[in-house]
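Asks: Sequence:
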Amino acid sequence: MTPPRLLPLRLSRQLTRSAVSVQPRRYQSSSSTPMRILSGIQPTGIPQLGNYLGALRNWIDLQARPAPADTISHDGGSGTDIFYCIVDLHALTVPRPPAELQRGIRDMARVLLACGVDPRRSHLFVQSEVPEHSELAWILGCQTPMGWLNRMTQWKVAIDEARDHAVDTVEHPYANRYH
2 MTPPRLLPLR LSRQLTRSAV SVQPRRYQSS SSTPMRILSG IQPTGIPQLG NYLGALRNWI
62 DLQARPAPAD TISHDGGSGT DIFYCIVDLH ALTVPRPPAE LQRGIRDMAR VLLACGVDPR
122 RSHLFVQSEV PEHSELAWIL GCQTPMGWLN RMTQWKVAID EARDHAVDTV EHPYANRYH
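So the mapping is simple: my numbering equals the position in the sequence shown, first residue as 1, plus 1.
Hints were generated in silico from the structure; no laboratory data involved. Using N, Cα and C, we set each Cβ at its ideal position, and we do this for glycine too. There could be a bad hint or two in this list.
Said to hold, decoys possible - Pairwise CB distance ranges (calculated):
no. : residue 1 : residue 2 : range
1   : 144       : 40        : 19 to 27 Å
2   : 97        : 49        : 15 to 23 Å
3   : 162       : 51        : 19 to 27 Å
4   : 107       : 136       : 19 to 27 Å
5   : 153       : 54        : 20 to 28 Å
6   : 52        : 120       : 17 to 25 Å
7   : 84        : 51        : 32 to 40 Å
8   : 152       : 124       : 29 to 37 Å
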(Lines of atoms letter the chains of each structure in order from A and count residues from 1; the text may use other names and numbers.)
(Lines give C-alpha, C1' and ligand atoms only; values in the text may rest on other atoms or scores of the structure.)
Protein backbone atom coordinates (compact mmCIF):
# COMPACT_ATOMS: atom_id res chain seq x y z
CA MET A 1 0.00 0.00 0.00
CA THR A 2 1.41 3.39 -0.95
CA PRO A 3 0.70 6.54 1.03
CA PRO A 4 -2.60 8.11 0.03
CA ARG A 5 -1.18 11.01 -1.94
CA LEU A 6 2.27 11.07 -3.49
CA LEU A 7 3.03 14.51 -4.79
CA PRO A 8 5.55 14.83 -7.61
CA LEU A 9 7.29 18.16 -7.10
CA ARG A 10 8.97 20.00 -9.95
CA LEU A 11 11.57 22.63 -9.20
CA SER A 12 11.01 25.87 -11.01
CA ARG A 13 13.94 27.92 -12.27
CA GLN A 14 13.19 30.50 -9.61
CA LEU A 15 13.41 27.93 -6.81
CA THR A 16 16.66 26.55 -8.20
CA ARG A 17 18.16 30.02 -8.39
CA SER A 18 17.11 30.94 -4.87
CA ALA A 19 18.24 27.58 -3.51
CA VAL A 20 21.83 28.07 -4.63
CA SER A 21 22.08 31.66 -3.46
CA VAL A 22 24.19 32.22 -0.38
CA GLN A 23 22.40 35.50 0.32
CA PRO A 24 19.69 35.46 2.99
CA ARG A 25 16.24 35.33 1.45
CA ARG A 26 14.10 38.41 1.85
CA TYR A 27 10.53 37.45 2.58
CA GLN A 28 7.75 39.57 1.19
CA SER A 29 5.49 41.18 3.72
CA SER A 30 2.42 40.85 1.51
CA SER A 31 -0.09 38.40 2.89
CA SER A 32 -1.00 37.44 -0.70
CA THR A 33 2.26 35.48 -0.84
CA PRO A 34 1.38 31.83 -0.20
CA MET A 35 2.77 30.29 2.96
CA ARG A 36 4.31 26.83 2.56
CA ILE A 37 5.03 24.47 5.41
CA LEU A 38 7.25 21.39 5.09
CA SER A 39 7.87 18.91 7.87
CA GLY A 40 8.98 15.30 7.88
CA ILE A 41 9.25 12.23 10.05
CA GLN A 42 11.44 9.15 9.74
CA PRO A 43 9.73 5.77 9.29
CA THR A 44 11.79 4.14 12.03
CA GLY A 45 8.94 2.73 14.07
CA ILE A 46 5.60 3.60 15.56
CA PRO A 47 5.73 7.17 16.89
CA GLN A 48 5.63 7.50 20.64
CA LEU A 49 3.90 10.06 22.84
CA GLY A 50 6.84 12.47 22.52
CA ASN A 51 6.55 12.40 18.72
CA TYR A 52 2.86 13.14 18.96
CA LEU A 53 3.20 15.96 21.49
CA GLY A 54 6.31 17.45 19.87
CA ALA A 55 5.37 17.29 16.20
CA LEU A 56 2.32 15.36 15.07
CA ARG A 57 -0.19 17.30 17.17
CA ASN A 58 1.18 20.50 15.62
CA TRP A 59 0.81 18.99 12.14
CA ILE A 60 -2.88 18.39 12.79
CA ASP A 61 -3.36 21.87 14.27
CA LEU A 62 -1.69 23.52 11.26
CA GLN A 63 -4.22 21.88 8.93
CA ALA A 64 -7.09 23.39 10.89
CA ARG A 65 -5.80 26.97 10.87
CA PRO A 66 -7.64 29.27 8.52
CA ALA A 67 -5.43 31.12 6.07
CA PRO A 68 -5.60 34.88 5.60
CA ALA A 69 -8.47 35.74 3.26
CA ASP A 70 -6.20 37.19 0.55
CA THR A 71 -3.73 34.29 0.47
CA ILE A 72 -3.62 32.23 -2.71
CA SER A 73 -2.09 28.75 -2.73
CA HIS A 74 -0.10 27.19 -5.58
CA ASP A 75 -3.16 25.45 -6.98
CA GLY A 76 -5.27 28.59 -7.07
CA GLY A 77 -7.14 27.80 -3.89
CA SER A 78 -7.16 29.85 -0.75
CA GLY A 79 -4.89 28.81 2.07
CA THR A 80 -1.52 27.50 3.09
CA ASP A 81 0.32 24.75 1.24
CA ILE A 82 1.27 22.08 3.79
CA PHE A 83 3.63 19.24 2.88
CA TYR A 84 4.24 16.34 5.25
CA CYS A 85 6.97 13.94 4.28
CA ILE A 86 7.92 10.44 5.33
CA VAL A 87 11.70 10.94 5.16
CA ASP A 88 12.81 7.45 4.24
CA LEU A 89 16.14 8.66 2.81
CA HIS A 90 17.02 10.18 6.19
CA ALA A 91 16.22 6.81 7.75
CA LEU A 92 18.99 5.15 5.70
CA THR A 93 21.52 6.41 8.25
CA VAL A 94 20.50 3.40 10.37
CA PRO A 95 21.13 0.13 8.50
CA ARG A 96 18.06 -2.08 8.19
CA PRO A 97 16.74 -4.63 5.70
CA PRO A 98 14.87 -3.06 2.74
CA ALA A 99 11.67 -4.94 3.60
CA GLU A 100 11.73 -3.45 7.10
CA LEU A 101 12.13 0.07 5.69
CA GLN A 102 9.21 -0.46 3.27
CA ARG A 103 7.06 -1.77 6.12
CA GLY A 104 8.06 1.27 8.18
CA ILE A 105 6.95 3.61 5.39
CA ARG A 106 3.54 1.93 5.15
CA ASP A 107 3.13 1.88 8.93
CA MET A 108 4.09 5.55 9.24
CA ALA A 109 1.59 6.54 6.54
CA ARG A 110 -1.12 4.66 8.43
CA VAL A 111 -0.15 6.28 11.74
CA LEU A 112 -0.15 9.77 10.22
CA LEU A 113 -3.61 9.22 8.76
CA ALA A 114 -4.86 7.75 12.04
CA CYS A 115 -3.51 10.76 13.97
CA GLY A 116 -5.45 13.12 11.73
CA VAL A 117 -3.24 14.11 8.80
CA ASP A 118 -5.87 14.87 6.18
CA PRO A 119 -4.83 14.40 2.52
CA ARG A 120 -7.54 16.90 1.54
CA ARG A 121 -5.84 19.62 3.61
CA SER A 122 -2.18 18.72 3.19
CA HIS A 123 0.14 16.83 0.87
CA LEU A 124 1.59 13.59 2.23
CA PHE A 125 4.50 12.12 0.31
CA VAL A 126 7.46 9.76 0.60
CA GLN A 127 10.83 11.48 0.25
CA SER A 128 12.40 8.89 -2.06
CA GLU A 129 9.47 9.20 -4.48
CA VAL A 130 10.45 12.80 -5.26
CA PRO A 131 13.86 12.77 -6.99
CA GLU A 132 14.03 16.57 -6.89
CA HIS A 133 14.36 16.31 -3.12
CA SER A 134 17.72 14.54 -3.47
CA GLU A 135 18.76 16.85 -6.28
CA LEU A 136 18.05 19.90 -4.15
CA ALA A 137 19.95 18.37 -1.22
CA TRP A 138 22.96 17.94 -3.51
CA ILE A 139 22.71 21.54 -4.74
CA LEU A 140 22.43 22.86 -1.19
CA GLY A 141 25.32 20.68 -0.05
CA CYS A 142 27.51 22.05 -2.81
CA GLN A 143 26.64 25.63 -1.88
CA THR A 144 26.72 25.43 1.93
CA PRO A 145 29.83 27.15 3.34
CA MET A 146 31.79 25.10 5.88
CA GLY A 147 31.62 28.08 8.25
CA TRP A 148 27.86 27.65 8.49
CA LEU A 149 28.26 23.99 9.37
CA ASN A 150 30.98 24.69 11.93
CA ARG A 151 28.54 26.92 13.82
CA MET A 152 25.93 24.16 14.06
CA THR A 153 25.95 22.09 17.24
CA GLN A 154 24.56 19.00 15.51
CA TRP A 155 27.34 19.24 12.88
CA LYS A 156 30.03 19.31 15.58
CA VAL A 157 28.46 16.31 17.30
CA ALA A 158 28.21 14.45 13.98
CA ILE A 159 31.88 15.11 13.21
CA ASP A 160 32.93 13.84 16.65
CA GLU A 161 30.84 10.68 16.26
CA ALA A 162 31.62 10.08 12.57
CA ARG A 163 34.96 8.34 12.99
CA ASP A 164 33.38 4.90 12.53
CA HIS A 165 30.31 5.91 10.49
CA ALA A 166 29.42 6.62 6.88
CA VAL A 167 29.67 10.06 5.25
CA ASP A 168 25.90 10.54 5.53
CA THR A 169 26.32 11.00 9.27
CA VAL A 170 28.02 14.35 8.71
CA GLU A 171 25.86 15.34 5.72
CA HIS A 172 22.63 14.87 7.65
CA PRO A 173 22.85 18.10 9.75
CA TYR A 174 23.15 20.42 6.74
CA ALA A 175 20.25 18.62 5.06
CA ASN A 176 18.08 19.15 8.14
CA ARG A 177 18.87 22.85 8.11
CA TYR A 178 17.06 23.20 4.79
CA HIS A 179 14.22 20.71 5.26
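Asks: If I claimed the Cβ atoms of residue 107 and residue 136 lie 19 to 27 Å apart, would that claim hold in this structure?
Replies: Once the Cβ atoms are compared, 25 Å apart, the range 19 to 27 Å for residue 136 and residue 107 holds.
Asks: Okay, residue 152 versus residue 124 on CB: inside 29 to 37 Å?
Replies: For residue 152 and residue 124 the Cβ distance comes to about 32 Å; the hint holds.
Asks: Do the Cβ positions of residue 52 and residue 120 conform to the proposed distance bound of 17 to 25 Å?
Replies: About 20 Å separates the Cβ atoms of residue 52 and residue 120, which means 17 to 25 Å holds.
Asks: Lying within 19 to 27 Å: is that true of the beta-carbon distance residue 162 to residue 51?
Replies: holds, 22 Å
Asks: Falls inside 15 to 23 Å, the C-beta gap from residue 97 to residue 49?
Replies: holds, 18 Å
Asks: Note whether the CB distance of residue 84 and residue 51 lies within 32 to 40 Å or breaks it.
Replies: For residue 51 against residue 84, whose Cβ atoms are near 23 Å apart, the range 32 to 40 Å is violated.
Asks: If you check the beta carbons of residue 144 and residue 40, does the distance land in 19 to 27 Å?
Replies: holds, 23 Å
Asks: Given the hint of 20 to 28 Å, check if residue 153 and residue 54 actually sit that far apart at their C-beta atoms.
Replies: holds, 25 Å
In this structure, only the earlier hint numbered 7 is contradicted, and the remaining ones agree with it.
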